[in-house]
Amino acid sequence: MEKMGIQFVLGGQEIYIHDTLVNSVVIVLALSIFFMIVSRKIKAADPTKPPKGVVHAMEIFVTTINGFVSSTMGKSGKGFEPYIGTLAIYLAIANLLGLTGFSPPTSDYNVTLSLAIMTFFLTQFFGLKKQGFGYLKGMAEPYVLLLPINLIGEIANPISLSFRLFGNIVSGVVIMTLLYNALGWIAPVLTPVLHAYFDVFAGLIQTFIFTILTMIFISGAMGEE
Amino acid sequence: MLEGITSEAFVMGCSAIGAGLAAIAGIGPGIGQGYAAGKGAEAVGRQPEAQGDIIRTMIMGQAIAETTGIYGLVIAMILLFVNPFV
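Those protein sequences? They're chains V and R, same order as listed. Counted the way this note's numbering counts, the first sequence spans residues 419 to 643. Counted the way this note's numbering counts, the second sequence spans residues 10 to 95.
I should point out that these hints are in silico values taken from the structure, not numbers from a laboratory. Given the structure is predicted, the values throughout are model-derived calculations rather than measurements. Ideal placement from N, C-alpha and C gives every residue a C-beta, glycine not left out. Treat each hint with caution, since some may be false.
Interface residues of chain V toward chain R, partial, derived using beta-carbon atoms under 10 Å [unchecked claim]:
no. : residue
1   : Thr490
2   : Lys493
3   : Gly585
4   : Val592
5   : Gln624
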């Protein structure tokens with residue numbers, strides 16, 4: 419694979435920023451600008467008339483996310499809709515970036531691990547906030563000797579969550595690179611089907627899985643009402 | 010017999026064999042996911058009105074079953090691209 423990305427020398431040391439990180443920042447900036455424009459449009463929209471255009475699309479999206487969160491997390495999911503929606507948009511765009519020929523940010527383990535660590539800390543924070551000492555006590559149940567196993571199980575969650583997303587996306591990238599190198603001039607004829615599978619299907623399924631597992635971990639740590 | 014082969018090339022070749030062996034881990038999730046999909050199809054046949062819930066549960070279970078295969082893939086890729094033994 420050829421080297422893409424930003425390379426510069428700072429204080430006599432060569433610093434190399436991977437193109438996945440550059441793409442990640444570009445996606446975040448583009449989405450920020452897009453949603454600033456959309457929020458200005460929503461504020462200017464007339465609430466008495468039926469919505470149209472991008473305002474209508476955003477209303478459908480927000481309603482879908484709200485229904486998705488409340489059907490998965492129940493009553494305890496109130497207030498999580500913005501985080502889950504942001505995660506879903508970012509992951510969907512990041513996974514679909516493979517279609518454009520740039521390397522998707524989620525094919526870098528840094529990105530997936532930081533997203534999984536965010537889920538991990540949210541899980542622990544809301545578990546402690548909601549259940550207090552009972553959450554720590556729950557680690558040693560039903561038996562004090564099971565405490566190390568429960569702790570390992572808790573730490574294994576972000577690792578498996580990040581490896582799942584990373585492995586799915588990077589396997590698609592590796593297979594597509596091998597195919598493009600092997601097929602030569604006939605590649606543009608044969609690869610669109612595989613792009614549809616590896617980038618669109620696998621990418622959107624993994625977006626869904628990551629968000630739903632985040633919700634399940636958080637609502638599991640918060641316990642039943 | 011090994012004359013003309015540097016020790017680094019030998020380690021790289023053995024790592025490639027190891028990566029191929031690690032990718033065999035994909036068999037397990039394949040069987041498991043197929044089994045889950047078959048059961049899901051059975052459940053939809055019995056209760057077509059619960060199709061949405063069944064598909065969601067099935068895909069989630071399949072994604073979790075996939076993890077072991079992904080571990081095998083990650084080990085294969087570490088051996089090939091960021092070889093720790095060279």
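In ascending order, which of the hints set out earlier in this document are inconsistent with the structure? 2
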